[in-house]
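Number of protein chains: 2
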Amino acid sequence: MNYNQIFEQIKKKQSFLCVGLDTDINKIPQHLLDSNDPIFEFNKQIVDATAQYVVAYKPNIAFYEALGAKGWESLEKIVEYIKNKYPEIFLIADAKRGDIGNTSNMYAKAFFENMKFDAITLAPYMGEDSVSPFLVYKDKWVVLLALTSNNSAKDFQLLDIKNSDNKLFHNVIEKSSSWGDNNNLMYVVGATKAEKLQDVRKIIPDNFLLIPGVGAQGGSLEEVAKYGMNKKCGLLVNSSRGIIYADSSKKFAEIAAVKTAELQKKMKNLLADIL
Amino acid sequence: MNYNQIFEQIKKKQSFLCVGLDTDINKIPQHLLDSNDPIFEFNKQIVDATAQYVVAYKPNIAFYEALGAKGWESLEKIVEYIKNKYPEIFLIADAKRGDIGNTSNMYAKAFFENMKFDAITLAPYMGEDSVSPFLVYKDKWVVLLALTSNNSAKDFQLLDIKNSDNKLFHNVIEKSSSWGDNNNLMYVVGATKAEKLQDVRKIIPDNFLLIPGVGAQGGSLEEVAKYGMNKKCGLLVNSSRGIIYADSSKKFAEIAAVKTAELQKKMKNLLADIL
Chain A
95 MNYNQIFEQI KKKQSFLCVG LDTDINKIPQ HLLDSNDPIF EFNKQIVDAT AQYVVAYKPN
155 IAFYEALGAK GWESLEKIVE YIKNKYPEIF LIADAKRGDI GNTSNMYAKA FFENMKFDAI
215 TLAPYMGEDS VSPFLVYKDK WVVLLALTSN NSAKDFQLLD IKNSDNKLFH NVIEKSSSWG
275 DNNNLMYVVG ATKAEKLQDV RKIIPDNFLL IPGVGAQGGS LEEVAKYGMN KKCGLLVNSS
335 RGIIYADSSK KFAEIAAVKT AELQKKMKNL LADIL
Chain B
95 MNYNQIFEQI KKKQSFLCVG LDTDINKIPQ HLLDSNDPIF EFNKQIVDAT AQYVVAYKPN
155 IAFYEALGAK GWESLEKIVE YIKNKYPEIF LIADAKRGDI GNTSNMYAKA FFENMKFDAI
215 TLAPYMGEDS VSPFLVYKDK WVVLLALTSN NSAKDFQLLD IKNSDNKLFH NVIEKSSSWG
275 DNNNLMYVVG ATKAEKLQDV RKIIPDNFLL IPGVGAQGGS LEEVAKYGMN KKCGLLVNSS
335 RGIIYADSSK KFAEIAAVKT AELQKKMKNL LADIL
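Chains as they are written, first to last, in our numbering: chain A, 95 to 369; chain B, 95 to 369.
Please keep in mind that the hints were generated in silico from the structure rather than gathered at the bench.
Any given hint might turn out to be false.
It does not matter which identical chain is used: a pair holds within one copy or between any two.
Calculated lysine to aspartate or glutamate pairs in the EDC-like style (CA-CA distance at most 20 angstroms, straight line) [said to hold, decoys possible]:
id: 1; residue 1: 248; residue 2: 223
id: 2; residue 1: 203; residue 2: 167
id: 3; residue 1: 360; residue 2: 131
id: 4; residue 1: 177; residue 2: 167
id: 5; residue 1: 171; residue 2: 207
id: 6; residue 1: 203; residue 2: 118
id: 7; residue 1: 210; residue 2: 170
Using the sequences plus the hints, can you model the full thing?
In structure tokens form, the structure reads like this:
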């Protein structure tokens, strides 16, 4: 999927919402536990109820790995289900991998070939040769961690770099932006630091940004749009727990759709300036 | 497993060797492809042939994920096999994970509860709250990336930090060393930068270091010992491809044992000064 295809969807759905599929067997509605594959069943119902409001889904791989081989099977099934039924939706593996080239090749194979993810989140610490094996895939994307939404992001990401006005995360963005281009490289910038989006936009005016931290983690959608939106939107804002666990009854998918529609409506208003 | 238990094994086997189980279905001997689970069969034979010379095994998770749910099953089987037959051997998941606390909890569950790994490699970029969920497990270890063995390690790990004499990797070690202690925190320091081990030892004289990059990546075992060894050894040196793919015939495990024994003999000599 390329930049314009994502932007077309944003225009069509009047939404830049990504829903995080952080599916936890201990948090899904009890009645699903009788089904053959509760994790798949939960995701399927969430996706079918929300797809009309959503441009991206982002399964968080940890939640599937926590269930072992069976969890991995559920993940493979939901990826296949989404890609078959909603091929226009952008599918991000939230995996936060990053290893030497030889190993990154294997992760790329896992997520881009065996499963048909469009994108994967990666950590930048090991540098270019840990990222480039993912960038050789046409129409696939790397979503590189720049400034994350957790408290401890400050431990290293905000360190000042000598002989520059940069903090580490500025440096990560500056240096890595030459490894790929606007059509294969996005960045994670947490909504909990929305004012920092201004700095980010000075370095990379055009790249898509994946914004976690709206909702459960406290970030503001309006601030994210104010500081981060560009002429082609350039934003994918993620919400996970606030949508998928909004309700734990048999109506969970219906309530998730209501929450998703609320966010989409806000996004429609925020998009009005550029569309 | 605690520090002294690892050290006891080092003394008993006169070895500080870790063998990386980077098991690639395209590189294992052809005759194994007829077996029910070639990946497990390969690992089992490698482990049985080399365990007497080895204090740790390190399956690289990417190689199993590249095979999907079936690869994950093979991984679960080999972890169980090693832990049952060789409970004294230290077992490291080379996973290089790192995510917000909520997600790190899930990875910890995957690797420390569902599978009985003793340790997991993590990337430091997201800071303390991405690491601490792993440190609450008694007798389990975090192996944090500090200075990696790949060329692009220089991209960020060697950046100079303002108002200090530190590079980023020094800062990672200094700050993170207070998150845990010598009994649950190790660091990855690549053998391809062996002289930098002197700096590392000034900051953390006592922690174990996991050293990749000896062998295929060109690092020197003698230099690693010279600059990195402490009174309780404090080193686990990893070799992967040089051992497990030393031969591709039916004698692959026998040849792997020969290569492992050669390294163990060198290590015995290097340990003579402290034992």
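Cross-check of the supplied hints:
1. Taking the shortest Cα distances, residue 248 and residue 223 sit within 20 angstroms of each other only across copies (11 angstroms), while inside one copy they are farther apart (25 angstroms).
2. In this assembly of identical chains, residue 203 and residue 167 lie within 20 angstroms of each other by CA distance both inside one copy and across copies; the values are 16 angstroms within and 18 angstroms between.
3. Taking identical chains as interchangeable, the C-alpha atoms of residue 360 and residue 131 are never at most 20 angstroms apart, the minima being 34 angstroms within one chain and 51 angstroms between chains.
4. In the homo-oligomer, the alpha carbons of residue 177 and residue 167 lie at most 20 angstroms apart inside one protomer (15 angstroms), although the nearest pairing across protomers, at 25 angstroms, exceeds that limit.
5. Taking CA atoms no more than 20 angstroms apart as the test, residue 171 paired with residue 207 passes inside one copy only; the shortest distance there is 14 angstroms, against 24 angstroms between copies.
6. Within a single copy, residue 203 and residue 118 get their C-alpha atoms only as close as 25 angstroms, which misses the 20 angstroms cut-off; across copies the closest is 12 angstroms, which meets it.
7. For the homomeric pair residue 210 and residue 170, the shortest alpha-carbon distance inside one copy (9 angstroms) is at most 20 angstroms, but the shortest distance between copies (24 angstroms) is not.
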